[in-house]
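K.L.:
Chains as they are written, first to last, in my numbering: chain S, 790 to 1187; chain G, 790 to 1187.
Hints may be right or wrong, so weigh each one.
Identical chains blur together in the list; that is why a pair holds if it fits in one copy or across any two.
Listed below are the simulated DSS-like cross-link pairs for lysine-lysine, each with C-alpha atoms no more than 30 Å apart in a straight line [what the hints assert, rightly or not]:
1. K1142 / K1098
2. K1142 / K875
3. K1142 / K831
4. K795 / K915
5. K875 / K821
6. K1142 / K908
7. K1142 / K811
8. K1098 / K811
9. K831 / K875
10. K831 / K997
11. K908 / K875
Worth flagging that the hints you see were computed from the coordinates, not collected in a lab.
Here is how the chains run, residue by residue.
Protein chains: 2
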Amino acid sequence: MIPIPKGFAFGAVCAGFKNSQKLDLGAVVCEKDASAAGVFTKNAFPAAPVLVAQEALEKSGTARAVCINSGQANAATGERGMVDCKLSMEMMGGALGVSEESILPCSTGVIGVPMDMGKWRDAAPKLAESVGSCSAMDFTRAIMTTDAFPKLAWARVTGLPGNGDGGPVHVLGIAKGAGMICPNMATMLSVVMTDAEVEPELLREILKESVDISFNRIVVDGDTSTNDTVFLLASGAAGARVERENKAVLAEAVAEVCQALAYMIAEDGEGATKVIRISVTGAKDTDDAEKVARTIAKSPLVKTAVYGKDPNWGRILCAVGYSGATFNPDHVSITMGNIPLFRNGQPVEGQAKLLLAPHMRRQDVEIGVDLGAGNGVYEVLASDLGHEYIRINAEYTS
Amino acid sequence: MIPIPKGFAFGAVCAGFKNSQKLDLGAVVCEKDASAAGVFTKNAFPAAPVLVAQEALEKSGTARAVCINSGQANAATGERGMVDCKLSMEMMGGALGVSEESILPCSTGVIGVPMDMGKWRDAAPKLAESVGSCSAMDFTRAIMTTDAFPKLAWARVTGLPGNGDGGPVHVLGIAKGAGMICPNMATMLSVVMTDAEVEPELLREILKESVDISFNRIVVDGDTSTNDTVFLLASGAAGARVERENKAVLAEAVAEVCQALAYMIAEDGEGATKVIRISVTGAKDTDDAEKVARTIAKSPLVKTAVYGKDPNWGRILCAVGYSGATFNPDHVSITMGNIPLFRNGQPVEGQAKLLLAPHMRRQDVEIGVDLGAGNGVYEVLASDLGHEYIRINAEYTS
Chain S
790 MIPIPKGFAF GAVCAGFKNS QKLDLGAVVC EKDASAAGVF TKNAFPAAPV
840 LVAQEALEKS GTARAVCINS GQANAATGER GMVDCKLSME MMGGALGVSE
890 ESILPCSTGV IGVPMDMGKW RDAAPKLAES VGSCSAMDFT RAIMTTDAFP
940 KLAWARVTGL PGNGDGGPVH VLGIAKGAGM ICPNMATMLS VVMTDAEVEP
990 ELLREILKES VDISFNRIVV DGDTSTNDTV FLLASGAAGA RVERENKAVL
1040 AEAVAEVCQA LAYMIAEDGE GATKVIRISV TGAKDTDDAE KVARTIAKSP
1090 LVKTAVYGKD PNWGRILCAV GYSGATFNPD HVSITMGNIP LFRNGQPVEG
1140 QAKLLLAPHM RRQDVEIGVD LGAGNGVYEV LASDLGHEYI RINAEYTS
Chain G
790 MIPIPKGFAF GAVCAGFKNS QKLDLGAVVC EKDASAAGVF TKNAFPAAPV
840 LVAQEALEKS GTARAVCINS GQANAATGER GMVDCKLSME MMGGALGVSE
890 ESILPCSTGV IGVPMDMGKW RDAAPKLAES VGSCSAMDFT RAIMTTDAFP
940 KLAWARVTGL PGNGDGGPVH VLGIAKGAGM ICPNMATMLS VVMTDAEVEP
990 ELLREILKES VDISFNRIVV DGDTSTNDTV FLLASGAAGA RVERENKAVL
1040 AEAVAEVCQA LAYMIAEDGE GATKVIRISV TGAKDTDDAE KVARTIAKSP
1090 LVKTAVYGKD PNWGRILCAV GYSGATFNPD HVSITMGNIP LFRNGQPVEG
1140 QAKLLLAPHM RRQDVEIGVD LGAGNGVYEV LASDLGHEYI RINAEYTS
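Based on the sequences and whatever the hints tell you, model everything.
P.N.:
See below:
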């Protein structure tokens, strides 16, 4: 059974935002104000809830609850979207008996359409009532949209100095997302909870570092949602305190949880059948390594080749060639599944493609590129590109 | 019937590079050395024929012939590829009775596989023999790969100062390509011919300017081939001379021909059903306008929405939001088919989507974005993204 960090409770109801009988409104509530940190989309058109949550966190660095609705994104809704978002949090604050500013909102769903405030008004008290009687899985289902499966991951931390009952510390992460896809209903949202005691500033560092090596390292279609949000909440209920000196112990657990969730999102990329692990080494610097890794990860030709189980290293070479990174073509090498295909600017003779056949049938396909230009390294996870992606995104009607 | 610029003759044969009975080797031959200019791929891994042609043009600025094979790209073939390319031109030079350095080579086809020199040896004399007895259409077919239709365009120029029989000047362009797709067999190649008399330096200017507003303005999947090449040859046989003063007259005709060919390539984009015309205005500068236009043109979400006939302006807004251009979100406006959907940061109320239904059924779909940040403008043509693209590129085996 899923270990729940102390101090947190879940609620979930069907508010009707999805026009179905499915759960589409969920809340994580903390018994007292939790330290809270957030990382948000860099899209120039952030959705209303993103702006509201950012403002709330800047003010206090703490939160009592996270409230997420699926079905309506409240993005590109102009001034009205801001008013609606604040009103919905006012309703939730009243129902939960907490200040509206202590609730962090997220929305995911159809863009450019105002939220149905009548449904909010009806659902708010029901959601408050459900808190405590729902499981983490109920909450996870309430925030799912095009997700094919619920995404949860957890870790356990021991050896932190206890200042209370000194029990073990838990980290639980819940995410939804099937691609950095907007405004289709596949925004990436995640709430990570821990019962360790952590100061907001330290919590922000831990979250930022974890997101940089997890959620920021996956590429489904390269589109960046207007609603992407990741929260980290620390209740302190485990009676174990994290200071700068022992930060690493918790940071590792949070990063591990975020990486597990990020892998699940790539795995669940719309229409994806495989996860492509792209490792670039020997770049001039990290920026160049990232450039090459992301160019390969976004190349429709590489993604369709992997979908077709074809070890088409020529397409990888080509993407490296237009990535804009600095290197000497004669020093570039490419491997798939660690089998050399192109070495120092020359194709490798032999039966590499036959050897690769079994690797190409796996769910995880590995691409390695060495630029022979320095010590820069970078790794990303990418989804392949198949018929299902087209079906989902061409047939989806806004 | 297609007007052929004076001084040019065509040849085409089946050499067997395509492993079929189809034409796969063609030549354009000029009665004497023609002024010649070329524009080549910026990919860091240019194919052997690209390097050989660049070298030849730098030396002389003239050419007697262009020789193109389809079926084998001679790309990513290392040193051996250079040797093979020069050897094949030696064979052609011998067969045509011209110096090998006066022939400009192009190859398109499978990457990473050495060319079959035996087939070259057999085909060279047959190709030379066919010159004069073949039509421009035969040559066009010989360089086609995944193209769904042959691509030719022409223009007529009058009013140039004659220094001979003073007849009208002709411009004929031939292209192949179904996407900036590599290493699949869809490299973009084009040969543009004119019978005007033009100095090489002036010819280079005219070609560069024309390519910048035509072939460089189309986006199918954003991948850039290792073999992309455009040549412009001027025979001077019409007896009309182009000087810097009257350069514009010919430049307009060449640009017109290149734009017509570029449209056909976008129209024929692998699996494409529509051509998306993306116009960005009001950008801080041209670079920003280009950034936004290309981000929209490459967005799989925008491309699949257009394929699905869905006027999903939210996906356009989202792409603008992560394009990296500088603007104030409250000043951004979006139109489709000139119908306002989003104005000054606010969605436009009303029945825009109903009004747009007929527009979305057209072959040409128009997207307009105004950033309200300056005078920068840019326009690109893009293909939509459909099931056929996945089929072609997933089922193609290297």
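K.L.:
So, for every hint listed, does it hold in this structure?
P.N.:
A quick look at each hint next to the structure:
1. Taking the shortest Cα distances, K1142 and K1098 sit within 30 Å of each other inside one copy (11 Å), while across copies they are farther apart (40 Å).
2. Within a single copy, K1142 and K875 get their C-alpha atoms only as close as 57 Å, which misses the 30 Å cut-off; across copies the closest is 29 Å, which meets it.
3. Taking CA atoms no more than 30 Å apart as the test, K1142 paired with K831 passes between copies only; the shortest distance there is 28 Å, against 40 Å inside one copy.
4. In this homomeric assembly, K795 and K915 come within 30 Å of each other (Cα to Cα) only inside a single copy, at 24 Å, whereas the closest approach across copies is 83 Å.
5. Taking the closest pair of Cα atoms, K875 and K821 come within 30 Å of each other only inside a single copy of the chain (21 Å); across copies the shortest separation is 77 Å, beyond that limit.
6. Taking identical chains as interchangeable, the C-alpha atoms of K1142 and K908 lie at most 30 Å apart only when they sit on different chains, with a minimum of 25 Å there against 56 Å within one chain.
7. Proximity of K1142 to K811 under the C-alpha cut-off of 30 Å is restricted to the inter-copy arrangement: shortest distance 28 Å between copies versus 46 Å within a copy.
8. Taking CA atoms no more than 30 Å apart as the test, K1098 paired with K811 passes between copies only; the shortest distance there is 28 Å, against 36 Å inside one copy.
9. Taking CA atoms no more than 30 Å apart as the test, K831 paired with K875 passes inside one copy only; the shortest distance there is 21 Å, against 50 Å between copies.
10. In this assembly of identical chains, the alpha carbons of K831 and K997 lie at most 30 Å apart only when taken from the same copy (14 Å versus 37 Å across copies).
11. Only within a single protomer do K908 and K875 lie at most 30 Å apart by alpha-carbon distance; the minimum there is 15 Å, versus 73 Å between protomers.
Checked against the numbered hints listed earlier, the structure breaks none of them; every hint is satisfied.
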